[in-house]
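J.: Sequence:
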Amino acid sequence: MSGQGVNVLLNIFFGPSVNAARAIAMQVSAALNSFVQNLQVAINPQIIKSYAADDMTYMHRLVCYGAKYNFFVLLLLSLPVLNNVEEILSVWLGVVPEGTAIFAQLVIYTILIDSLSPSLMTAAQATGHIKLYQFVVGGILLLNVPASYIILKAGGAPQTVFYVAIILSIIALFARIQLISKLVNMKKRRYIIDAVMPVISVSILVFALNKYIESHFAVSLFGFLLSVVTSGVLVVIAIFFVGLKKSERALLSRVFLNIKNRIW
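Start counting the sequence shown at 0; every next residue gets the next number (numbering that gives the first Met the number 0).
Read the hints as simulated data drawn from the structure, not as lab findings. One or more hints might be untrue.
Derived DSS-like pairs: lysine-lysine, alpha-carbon spacing no greater than 27 Å straight-line [stated by the list, open to error]:
hint: 1; residue 1: Lys245; residue 2: Lys187
hint: 2; residue 1: Lys186; residue 2: Lys48
hint: 3; residue 1: Lys187; residue 2: Lys130
hint: 4; residue 1: Lys48; residue 2: Lys187
hint: 5; residue 1: Lys244; residue 2: Lys186
hint: 6; residue 1: Lys130; residue 2: Lys48
hint: 7; residue 1: Lys245; residue 2: Lys186
hint: 8; residue 1: Lys244; residue 2: Lys210
hint: 9; residue 1: Lys130; residue 2: Lys181
hint: 10; residue 1: Lys181; residue 2: Lys48
hint: 11; residue 1: Lys130; residue 2: Lys186
hint: 12; residue 1: Lys244; residue 2: Lys48
hint: 13; residue 1: Lys244; residue 2: Lys187
With the hints as extra help, turn the sequences into a complete structure.
T.: If you want it as structure tokens, here you go:
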């Protein structure tokens, strides 16, 4: 609903060309977001089952780890797109509507933030007490339209509607944490330490190093391929050494060792 409202606002203030650019950006985000949705589908039954079995410790772990791994998978997929969005859009569309690249980048930042929320949503649904949750979170997200209208009316650029969406996504995330902590008796501190802090740490490291590395790549096919490979390796290394606990690294190492032994 808020998405349709933003479309109407962009059409009123800037015309159909900007609206078309936003539509393309949303297609990019939908393609990336589908991977997270598939991952979450695998986690959801376990969250619901653990709540039904009153195994709250395991449920809390699933909620935190599900959020963290959703973000990491999306970051791994989205960083090459963020780095090369103009080149990708040029190959895909030929003629790229003005503003599409920055729109796509801002939408990706939004879905990165939103990727922390599906596990929390599933936890709320597992309890069956979702009226307050839906009212509060839905109310926050619906502010997108009036807030965007006020900013655009004051002379804001088209991309400001995406900044509004990012801010509201952050507010909605912390509202979810507050509500879920009461619904399933999960300490807010645990979710922040186990899910939020690792993704912030990895993001800061990845984007800082990525900015430096990208400045040394030439604009060419080879530069594009090198950027994709380098960004992927960078994300994997950052996740392994910064985003995972010691026990998670040990488990992952054993899995890779088993795979290696089976192959060789």
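J.: Determine for every hint whether it applies to the structure shown.
T.: Cross-check of the supplied hints:
Pair hint Lys245 plus Lys187 holds up; C-alpha atoms about 22 Å apart against a cutoff of 27 Å. About 20 Å separates the Cα atoms of Lys186 and Lys48, which keeps this hinted pair within 27 Å; it holds. Taking the CA atoms of Lys187 and Lys130, the gap is about 20 Å. The hint holds against a cut of 27 Å. For the proposed pair Lys48 and Lys187, the alpha carbon gap of about 22 Å is at most 27 Å, so the pair holds.
For the hint pairing Lys244 with Lys186, the CA-to-CA distance comes to about 19 Å; that is within 27 Å, so the pair holds. Restraint check: the Cα-Cα separation between Lys130 and Lys48 comes to about 21 Å, which is no more than 27 Å; the hinted pair holds. As the CA atoms of Lys245 and Lys186 are separated by approximately 22 Å, the hinted pair is consistent with the 27 Å bound. With a C-alpha separation of about 26 Å, the suggested pairing of Lys244 with Lys210 holds against the 27 Å cut-off.
This hinted pair checks out: Lys130 and Lys181 have alpha carbons roughly 14 Å apart, not beyond 27 Å. At roughly 19 Å between alpha-carbon atoms, Lys181 and Lys48 fall within 27 Å of each other, so this suggested pair holds. Pair hint Lys130 plus Lys186 holds up; C-alpha atoms about 21 Å apart against a cutoff of 27 Å. For the proposed pair Lys244 and Lys48, the alpha carbon gap of about 25 Å is at most 27 Å, so the pair holds.
Our distance criterion of 27 Å between C-alpha atoms is met by Lys244 and Lys187, whose separation comes to about 19 Å.
Hint compliance for this structure: every hint is met.
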